[in-house]
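Please build the complete structure, drawing on both the sequences and the hints.
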Amino acid sequence: MRIIQQAIFIFLLIILLAAIPSILIVNPYELNIYLDFSQLGHLYGQFMKELASGSLGTYQLGDQVRFISADIKSNFLISLFTLLIGVLSAVVIGLLFGIFLSRFIVTRFFNMLLNILSTIPDFILIVFSLVLAIKIYEVSGVRVISLRPDGGALNIWYPMVLTAIAPTLYMFKLLAVQYYQTSGEDYIRTAVSKGMRVNYINFQHVYKNIEPFIIADLTKVVSLAIGNLFIIEYLLNVPGITKFIFQSNQFQPITIGLFSMLLISLIVYFSIRLVLYIFKRGFIYE
Amino acid sequence: MAEKLLEIKHLKQYFNIGRPNQVKAVDDVTFDIYKGETLGLVGESGCGKSTTGRTIIRLYDATGGQVLFNGENVHGRKSKAELKKFNRKMQMIFQDPYASLNPRMTVADIIAEGIDIHGLAKSKKERMERVYELLETVGLNKEHANRYPHEFSGGQRQRIGIARALAVEPEFIIADEPISALDVSIQAQVVNLMKRLQREKGLTYLFIAHDLSMVKYISDRIGVMYFGKLVELAPADDLYQNAMHPYTKSLLSAIPLPDPESERTRRRIMYDPSSHHYEENEKVEMREIAPGHLVYCSEKEFEQYKAQYK
Numbered sequence: 001m002r003i004i005q006q007a008i009f010i011f012l013l014i015i016l017l018a019a020i021p022s023i024l025i026v027n028p029y030e031l032n033i034y035l036d037f038s039q040l041g042h043l044y045g046q047f048m049k050e051l052a053s054g055s056l057g058t059y060q061l062g063d064q065v066r067f068i069s070a071d072i073k074s075n076f077l078i079s080l081f082t083l084l085i086g087v088l089s090a091v092v093i094g095l096l097f098g099i100f101l102s103r104f105i106v107t108r109f110f111n112m113l114l115n116i117l118s119t120i121p122d123f124i125l126i127v128f129s130l131v132l133a134i135k136i137y138e139v140s141g142v143r144v145i146s147l148r149p150d151g152g153a154l155n156i157w158y159p160m161v162l163t164a165i166a167p168t169l170y171m172f173k174l175l176a177v178q179y180y181q182t183s184g185e186d187y188i189r190t191a192v193s194k195g196m197r198v199n200y201i202n203f204q205h206v207y208k209n210i211e212p213f214i215i216a217d218l219t220k221v222v223s224l225a226i227g228n229l230f231i232i233e234y235l236l237n238v239p240g241i242t243k244f245i246f247q248s249n250q251f252q253p254i255t256i257g258l259f260s261m262l263l264i265s266l267i268v269y270f271s272i273r274l275v276l277y278i279f280k281r282g283f284i285y286e
Numbered sequence: 001m002a003e004k005l006l007e008i009k010h011l012k013q014y015f016n017i018g019r020p021n022q023v024k025a026v027d028d029v030t031f032d033i034y035k036g037e038t039l040g041l042v043g044e045s046g047c048g049k050s051t052t053g054r055t056i057i058r059l060y061d062a063t064g065g066q067v068l069f070n071g072e073n074v075h076g077r078k079s080k081a082e083l084k085k086f087n088r089k090m091q092m093i094f095q096d097p098y099a100s101l102n103p104r105m106t107v108a109d110i111i112a113e114g115i116d117i118h119g120l121a122k123s124k125k126e127r128m129e130r131v132y133e134l135l136e137t138v139g140l141n142k143e144h145a146n147r148y149p150h151e152f153s154g155g156q157r158q159r160i161g162i163a164r165a166l167a168v169e170p171e172f173i174i175a176d177e178p179i180s181a182l183d184v185s186i187q188a189q190v191v192n193l194m195k196r197l198q199r200e201k202g203l204t205y206l207f208i209a210h211d212l213s214m215v216k217y218i219s220d221r222i223g224v225m226y227f228g229k230l231v232e233l234a235p236a237d238d239l240y241q242n243a244m245h246p247y248t249k250s251l252l253s254a255i256p257l258p259d260p261e262s263e264r265t266r267r268r269i270m271y272d273p274s275s276h277h278y279e280e281n282e283k284v285e286m287r288e289i290a291p292g293h294l295v296y297c298s299e300k301e302f303e304q305y306k307a308q309y310k
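Protein chains in written order, with full-length UniProt numbering: chain A, 1 to 286; chain P, 1 to 310.
Think of the hints as simulated: they come from the structure by calculation, not from any bench.
Careful: at least some of the hints might be erroneous.
The calculated PhoX-like cross-link candidates involving lysine-lysine, where the alpha carbons are at most 25 Å apart (straight line), are [to be verified]:
#, chain 1, residue 1, chain 2, residue 2
1, A, Lys208, P, Lys124
2, P, Lys9, P, Lys35
3, P, Lys249, A, Lys208
4, P, Lys195, P, Lys4
5, P, Lys229, P, Lys283
6, P, Lys306, P, Lys229
7, P, Lys249, P, Lys300
8, P, Lys124, A, Lys280
9, P, Lys24, P, Lys12
Residues of chain A clear of chain P, computed beta-carbon distances all greater than 10 Å [what the hints assert, rightly or not]:
#, residue
10, Ile3
11, Pro28
12, Leu113
13, Ala153
14, Trp157
15, Arg281
These figures come from a predicted structure and were not determined experimentally.
A virtual CB, placed ideally from N, CA and C, is assigned to each residue, including glycine.
Right, here's the structure in full:
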């Protein structure tokens with residue numbers, strides 16, 4: 001029942017948000033802004049009519065008017081992979097350096113580096129990374145990124161890396177703190193006093209107790225990655241799902257874009273949960 | 001004379017070595033533990049009792065000194081097989097029964113972990129039978145095996161901790177304040193359980209605590225620690241009747257008695273470390289003032305204590 005309530009609430013929220021650009025009226029003569037709610041009925045009616053006719057409608061891309069259905073699959077997949085790889089990297093790097101390799105001196109330097117990076121806002125990091133890519137090209141002549149949407153891997157790998165930065169910093173800090181706290185518990189001391197190996201203790205005792213925190217904060221990690229995805233797809237001209245949201249202020253593409261983004265975040269969330277579940281079943285003693 | 005199980009020789013455990021905040025948690029401590037006995041270790045909070053226990057079991061690498069278990073140095077270089085053997089013989093029970101059990105493991109897994117690591121059960125059935133047997137040994141039953149630690153009371157959790165320690169059939173158990181976090185009514189149950197297990201299995205205990213009355217009840221000998229040093233070591237009754245070191249006297253004077261009359265007249269003896277008036281280069285060490293009764297003192301104090309000893 002609660003899930004149905006939440007679904008209805010999310011649906012209403014999305015169609016309301018998507019309608020804002022259409023009902024937000026700027027009056028240049030009287031120099032004021034107001035919301036024209038009288039258009040809402042027409043917008044929603046039109047949207048339902050399009051869906052009922054089996055079409056997703058059109059969207060404006062520069063001077064062209066394109067069918068959403070023609071582009072949605074490839075855009076959806078690009079955003080999905082970018083987000084999935086970004087969040088997965090965050091979880092894997094966080095687990096590796098936050099727990100399993102945390103005893104090595106090299107990890108301490110890595111920790112220090114990430115701590116310094118975490119003081120810099122995400123947006124600045126993304127802009128700096130772009131500048132870095134350009135500098136690499138200037139100095140070495142090696143093109144590491146491409147802003148052409150048809151640039152293939154060159155257009156997609158850098159956004160994936162950039163999407164991973166903020167969630168990785170967050171995940172690593174979370175896991176490092178949890179590891180520090182958990183490793184001081186008496187049951188860890190007991191395990192040490194029993195002569196268990198560090199890896200065994202990390203897998204069987206530490207990970208088991210940190211896993212609930214990872215799962216609890218996974219939604220936060222996904223939302224951080226989505227926030228960055230919006231910026232990255234826009235700045236790096238990635239033909240992802242945010243194209244529908246940013247390229248025009250039409251109700252139809254924005255609604256479709258927001259629903260697609262919701263679906264992407266759900267797929268990413270459950271995929272990571274699945275990965276963690278497989279990891280637990282495979283490595284952790286039950 | 002009973003056989004020595006553990007010999008601790010000039011054990012030192014310093015932290016933050018070479019820094020301004022260097023701490024000498026354990027400073028040149030020497031004592032022996034005999035097979036089948038319970039040695040109580042008492043002292044105020046922060047005096048180094050727990051650190052001594054943890055260093056003995058290798059939770060910390062000793063800064064100096066030796067820990068000999070059955071004549072073998074615990075802290076020396078060891079092969080994996082030797083370490084495994086040693087880890088099986090020496091176990092530890094921690095103070096906080098809430099923190100010492102992994103909250104994400106079932107009681108059966110907690111107890112059986114040692115059995116699995118040391119390969120003490122050939123099949124799953126044998127493993128579970130051993131778990132049930134251990135649960136019954138500590139006064140629990142097999143229905144408890146599949147529950148999680150949060151489903152138990154403090155006393156029951158400490159019993160699970162004891163069962164876990166017993167799972168690998170140890171010879172020596174370090175009990176680091178095992179009753180401090182328990183309700184008074186439960187403390188006696190746990191101590192009696194430990195005594196019974198000692199009788200039945202011939203265990204040797206190092207019982208770290210600051211409840212002097214409980215320590216007297218369970219211990220054969222008692223060591224008193226102050227600021228990282230062992231200041232007095234004597235048979236339990238002897239220590240209570242003939243306490244010599246002023247710090248031991250101070251500790252004993254702090255024991256409350258369940259008698260309003262004596263409580264009204266009880267005089268606390270305050271210990272002042274400067275009262276010894278040790279001269280520079282004066283040798284202060286553990287000296288035996290009576291058979292088995294050692295006091296940390298100077299030569300001058302040694303003569304005085306010997307004269308005072310009844």
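Here is what the structure says about each hint:
For the hint linking Lys208 of chain A to Lys124 of chain P, the alpha-carbon distance of about 22 Å falls within 25 Å, and the restraint holds. Taken as a hint, the Lys9 of chain P and Lys35 of chain P pair is honoured in the structure, with Cα atoms around 17 Å apart against an allowance of 25 Å. Between Lys249 of chain P and Lys208 of chain A the CA atoms are separated by roughly 48 Å; this puts the pair beyond 25 Å, and the hint is violated. For the proposed pair Lys195 of chain P and Lys4 of chain P, the alpha carbon gap of about 20 Å is at most 25 Å, so the pair holds.
Annotation: proposed proximity of Lys229 of chain P to Lys283 of chain P holds, straight-line Cα distance about 14 Å (limit 25 Å). Taking the CA atoms of Lys306 of chain P and Lys229 of chain P, the gap is about 21 Å. The hint holds against a cut of 25 Å. Among the hinted pairs, Lys249 of chain P with Lys300 of chain P is consistent with the structure: their alpha-carbon atoms are about 19 Å apart, no more than 25 Å. For the proposed pair Lys124 of chain P and Lys280 of chain A, the alpha carbon gap of about 21 Å is at most 25 Å, so the pair holds.
Of the supplied pair hints, the one linking Lys24 of chain P and Lys12 of chain P holds, its CA atoms being roughly 8 Å apart against a limit of 25 Å. Annotated as non-interface, Ile3 of chain A keeps its C-beta farther than 10 Å from every C-beta of chain P; the closest such distance is 27 Å. Chain P leaves Pro28 of chain A outside its interface by the beta-carbon criterion, the shortest separation being 62 Å against a cut-off of 10 Å. Residue placement check: Leu113 of chain A keeps its beta carbon more than 10 Å from all beta carbons of chain P (closest about 26 Å).
No beta-carbon of chain P is positioned within 10 Å of the beta-carbon of Ala153 of chain A; the least distance is around 41 Å. Chain P leaves Trp157 of chain A outside its interface by the beta-carbon criterion, the shortest separation being 38 Å against a cut-off of 10 Å. Even its closest Cβ contact with chain P, about 15 Å, leaves Arg281 of chain A beyond 10 Å, as expected for a residue assigned away from the interface.
Going down the numbered hints, you'll see the structure goes against just number 3.
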